[in-house]
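Protein chains in written order, with this note's numbering: chain L, 1 to 290; chain Z, 1 to 98; chain A, 1 to 447.
To be clear, the hints were calculated from the coordinates, so they are not data collected in a lab.
Remember, predicted model here, so these are calculated numbers, not experimental data.
Certain hints may be false.
Said to hold, decoys possible - Subject to a maximum C-alpha distance of 30 Å in a straight line, what follows is the list of computed DSS-like cross-link-like pairs (lysine-lysine): (1) K226/A with K59/Z; (2) K74/L with K50/Z; (3) K50/Z with K13/A; (4) K226/A with K272/L; (5) K272/L with K16/A; (6) K13/A with K141/L; (7) K60/Z with K397/A; (8) K84/L with K398/A; (9) K50/Z with K138/L; (10) K126/L with K85/A; (11) K189/A with K85/A; (12) K130/L with K189/A; (13) K398/A with K126/L; (14) K60/Z with K85/A; (15) K272/L with K418/A; (16) K312/A with K50/Z; (17) K13/A with K272/L; (18) K138/L with K74/L; (19) K59/Z with K138/L; (20) K272/L with K312/A.
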Amino acid sequence: MFDPTYRYTDFNSYKAHAFMCMGGLCEVLIETSDKLISNQIFSLIYDEAKRIEKKFSRYEVNNIIYKINNAEGKKVHLDKETSKLIHFADQIYRVSDGMFDITSGVLRRAWTFDQSSNIASEETVKELLKFIGWNKVKLEKKSITMPKNFQIDLGGIGKEYAVDCCVQIAKNNSAIPTLVNFGGDIGVTGPKINNLPWVVNIEGAPERYNLFFGGIATSGDKNKFLIHKNDKLSHILNPKTGWPLVNAPASITVVADTCTAAGTLSTLAMLKTPLHEEFLRDEAEYYFIV
Amino acid sequence: MRNSTINNQNNFQNSYMTNLFVFLKFSLIKIFTLFYFIFVTAACSSMGVKPWEREVLSKKEMTFGAYVLEAGFEDHTYFSKEGSSGGRSFSAGGCGCN
Amino acid sequence: MQLKNSNNKKAGKIGKLITHAALALTCGITNLPSVKAETQSAKSSGYFSGIRNWADWSGEVGLLGYSETEGRVQAFEPGINLNAKFDGDRVWNIKLIYDSLTGASPNGALISGQPQTFTSPSGRANYTTQPGQIPLYDQFKDSRVAVSSSWSQPLTRLLKGSAGFNFSKEYDYLSLGFNSSISKESEDKNTSYSLGVSFTNDSINPVGGTPIELATMVPSGSAQPKTQGGETKSTLDVLLGVSQVINRNWIVQGNLSVGISNGYMNDPYKMVTVHDDTTGPTLGDPLSYIYESRPDSRLKQSVYLASKSYSKYGILSLSYRFLTDDWGLTSHTLESNFNFAISSNWRLQPGLRIYSQSAVDFFRYSVGSSETTTQNVTADTRLGDMMSITPGLKIIKKLENDREVSLLLQYYMQTGDKSPSSAVGSQVGQDLFPDLNAFIVQIIYSF
Chain L
1 MFDPTYRYTD
11 FNSYKAHAFM
21 CMGGLCEVLI
31 ETSDKLISNQ
41 IFSLIYDEAK
51 RIEKKFSRYE
61 VNNIIYKINN
71 AEGKKVHLDK
81 ETSKLIHFAD
91 QIYRVSDGMF
101 DITSGVLRRA
111 WTFDQSSNIA
121 SEETVKELLK
131 FIGWNKVKLE
141 KKSITMPKNF
151 QIDLGGIGKE
161 YAVDCCVQIA
171 KNNSAIPTLV
181 NFGGDIGVTG
191 PKINNLPWVV
201 NIEGAPERYN
211 LFFGGIATSG
221 DKNKFLIHKN
231 DKLSHILNPK
241 TGWPLVNAPA
251 SITVVADTCT
261 AAGTLSTLAM
271 LKTPLHEEFL
281 RDEAEYYFIV
Chain Z
1 MRNSTINNQN
11 NFQNSYMTNL
21 FVFLKFSLIK
31 IFTLFYFIFV
41 TAACSSMGVK
51 PWEREVLSKK
61 EMTFGAYVLE
71 AGFEDHTYFS
81 KEGSSGGRSF
91 SAGGCGCN
Chain A
1 MQLKNSNNKK
11 AGKIGKLITH
21 AALALTCGIT
31 NLPSVKAETQ
41 SAKSSGYFSG
51 IRNWADWSGE
61 VGLLGYSETE
71 GRVQAFEPGI
81 NLNAKFDGDR
91 VWNIKLIYDS
101 LTGASPNGAL
111 ISGQPQTFTS
121 PSGRANYTTQ
131 PGQIPLYDQF
141 KDSRVAVSSS
151 WSQPLTRLLK
161 GSAGFNFSKE
171 YDYLSLGFNS
181 SISKESEDKN
191 TSYSLGVSFT
201 NDSINPVGGT
211 PIELATMVPS
221 GSAQPKTQGG
231 ETKSTLDVLL
241 GVSQVINRNW
251 IVQGNLSVGI
261 SNGYMNDPYK
271 MVTVHDDTTG
281 PTLGDPLSYI
291 YESRPDSRLK
301 QSVYLASKSY
311 SKYGILSLSY
321 RFLTDDWGLT
331 SHTLESNFNF
341 AISSNWRLQP
351 GLRIYSQSAV
361 DFFRYSVGSS
371 ETTTQNVTAD
381 TRLGDMMSIT
391 PGLKIIKKLE
401 NDREVSLLLQ
411 YYMQTGDKSP
421 SSAVGSQVGQ
431 DLFPDLNAFI
441 VQIIYSF
């Protein structure tokens with residue numbers, strides 16, 4: 001591996017591979033004592049994670065995201081994978097009554113969540129709101145046309161999607177139990193050998209969780225917030241007002257059939273603050289709030 | 001129910017003097033109400049919300065004047081069966097109703 | 001640091017949708033379950049997409065159905081209200097309402113134990129009312145079209161202005177008005193002040209001509225005491241309003257209004273019964289009818305207070321209007337409703353309106369034959385002592401993208417003094433202020 005961030009630990013009955021990707025630490029646990037097979041599976045997962053990172057990162061030049069964000073109002077043709085992802089985001093937009101909006105990323109120009117009390121100016125926020133609004137985007141089956149100065153950001157679903165894709169690849173290529181953990185977003189191919197669960201430590205929870213199938217995702221970041229008077233402003237912004245959610249939970253962790261589903265539900269729950277608990281009670285099968 | 005007769009002072013009702021008197025008398029109540037409102041709103045600076053506290057206030061049901069057609073239908077119905085009109089906002093146009 | 005977890009194994013509707021959609025992302029399933037509504041973001045191409053993309057459109061389309069019991073008046077009113085928003089804060093609004101009225105309205109004459117015959121407004125026919133029945137005249141083909149439009153835009157950072165016109169036409173009535181208003185928000189946007197002015201000019205051309213005030217009704221066939229040429233009326237209204245956010249869940253509003261009207265204020269189709277006031281067996285019987293007469297100016301003033309407050313149970317709206325005018329009328333209007341959710345998409349809003357009014361100074365049930373009537377007089381029950389109660393229920397279904405469809409059902413009940421102390425002779429025992437009850441239905445789709 002020519003990646004300087006790569007770390008490998010051999011625990012005999014299972015192997016742990018780690019590397020930096022998508023802005024955080026990525027871990028892959030493969031339950032086998034066969035080093036060769038473990039490396040083969042990891043190699044496929046590593047390539048897939050890097051591929052997705054490069055394709056959907058907003059920092060890359062000339063990937064599909066770059067083309068969409070710099071199209072200046074012209075129609076951009078979408079490949080099948082990008083089209084499916086964006087249509088998924090479109091569905092979540094509708095299901096969340098517009099609260100989950102992938103055009104809202106431009107608000108980061110107004111907000112710095114450094115635990116200080118530097119709140120953004122109303123003027124800046126108002127200006128930025130003019131370039132936000134998924135309903136103004138023309139999305140067709142194979143193309144997207146965005147108004148000028150609009151930007152999309154798939155950061156909210158990209159990592160969970162990568163987890164699910166990597167898990168799928170592992171499943172397609174072997175029956176060996178594999179767990180993928182990209183910065184806290186987790187997915188498993190299935191239970192460990194002898195039908196034992198993967199025991200997961202959810203940060204902040206007193207007891208560990210036994211994961212047999214599916215995925216886990218957490219939304220929230222206890223280090224990114226602002227203080228204003230007696231309110232804690234979460235780093236999750238309301239795309240309709242441009243302002244942060246107030247006194248939202250520090251984090252919401254959801255377990256679901258896929259990591260993408262878990263991530264979407266936990267983000268939606270956050271956006272429904274202060275009614276997040278009701279939402280989770282109704283919609284999620286398993287959740288933790290901190 | 002009053003038992004008014006035609007022979008009361010009706011002929012002064014339409015004179016400017018009585019009009020002015022009624023206007024001024026009621027004006028005092030009006031001016032008082034207006035100043036009370038302005039005082040209350042200006043003095044209580046603790047009233048109000050920050051921009052990020054407007055999730056509830058932005059709901060349609062929490063906005064005055066959000067349901068235009070319904071208000072128009074209702075104003076028209078009541079206006080044609082009763083002696084009062086307006087007050088809420090401007091009514092759009094007249095009819096031969098009252 | 002609170003921890004909660006749930007062993008709820010059944011995911012809700014949204015949970016299932018997301019799970020299925022997420023699965024489809026990676027497993028290559030092609031049939032995604034679609035949400036049952038049009039795709040807001042997938043706009044069709046062509047001419048209409050040009051119009052749709054030109055501005056941010058919103059508005060309402062609806063229908064009002066009104067039906068009085070005992071077959072009096074029925075009305076059917078489709079209407080549309082459209083807003084086109086440009087660059088977020090410049091708005092063009094247009095509102096169109098078509099009003100179609102059928103049935104019969106009271107002509108002002110008092111109910112009597114005898115049959116009564118009246119001349120129709122055209123002067124060319126008679127109609128008879130049975131004993132104990134309220135005298136009504138046919139509405140004939142009363143349709144009305146009303147159009148209003150306005151433009152509003154910011155003037156400075158905190159100041160907003162608007163100007164508009166309104167126009168309505170029915171076969172005997174034409175109204176044209178202009179209005180303008182200015183509003184200012186405080187720095188923190190918690191307070192807003194507004195001042196509006198409106199000026200309207202109405203032209204009335206009653207069927208058969210304008211009756212001469214207080215003239216006695218003449219049977220059909222003979223020369224009618226009416227003048228041709230039509231009448232006019234002009235109105236100036238001023239409204240001053242303040243609205244204030246109290247806290248996150250509570251907002252209040254207060255308005256002061258003054259309105260001055262000058263010109264033809266009568267209802268040309270209404271009369272007043274002249275009853276026999278000689279002691280004896282004919283006391284109270286209707287002898288003749290005179291056309292009503294109202295002052296030629298009216299000064300109205302009102303105070304309106306409203307509040308909207310939110311709680312986890314629902315939203316409570318309350319309002320009160322106090323109105324007084326120089327005709328002697330005073331009224332109180334109290335409206336309230338409570339809006340709450342019964343499921344994620346359905347809401348209910350029960351409501352109640354209570355209205356009470358004290359009569360204008362010149363209201364009479366009827367006038368005695370020996371009185372010299374040279375002053376204003378009206379028997380129009382709409383200007384009498386009365387009260388009305390309107391309970392209602394609105395059923396709302398919320399759709400995606402802030403759209404909703406609603407059904408409002410109301411029952412309007414108006415009552416007045418059926419046996420006033422002024423009743424004499426044969427009038428005593430008659431129901432001199434028949435109840436007015438009406439079913440009201442409103443169906444509105446808003447987008």
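Results for each hint:
1. K226/A with K59/Z: Given pair K226/A, K59/Z is violated - Cα atoms ~55 Å apart, limit 30 Å.
2. K74/L with K50/Z: 38 Å, violated
3. K50/Z with K13/A: The hint is violated at about 34 Å.
4. K226/A with K272/L: 68 Å, violated
5. K272/L with K16/A: With Cα atoms ~18 Å apart, K272/L and K16/A stay inside 30 Å; holds.
6. K13/A with K141/L: 25 Å, holds
7. K60/Z with K397/A: Since the Cα atoms of K60/Z and K397/A sit roughly 14 Å apart, the hinted pair holds (cutoff 30 Å).
8. K84/L with K398/A: 28 Å, holds
9. K50/Z with K138/L: 34 Å, violated
10. K126/L with K85/A: The hint holds at about 16 Å.
11. K189/A with K85/A: 20 Å, holds
12. K130/L with K189/A: 19 Å, holds
13. K398/A with K126/L: 27 Å, holds
14. K60/Z with K85/A: Holds. K60/Z to K85/A sits at ~17 Å (cutoff 30 Å).
15. K272/L with K418/A: 56 Å, violated
16. K312/A with K50/Z: 20 Å, holds
17. K13/A with K272/L: 16 Å, holds
18. K138/L with K74/L: Judged against 30 Å, a Cα distance of about 10 Å means the pair holds.
19. K59/Z with K138/L: Measuring from Cα to Cα gives roughly 26 Å; hence the hint holds.
20. K272/L with K312/A: 14 Å, holds
Consistency with the previously given hints fails for numbers 1, 2, 3, 4, 9 and 15, ordered from lowest to highest.
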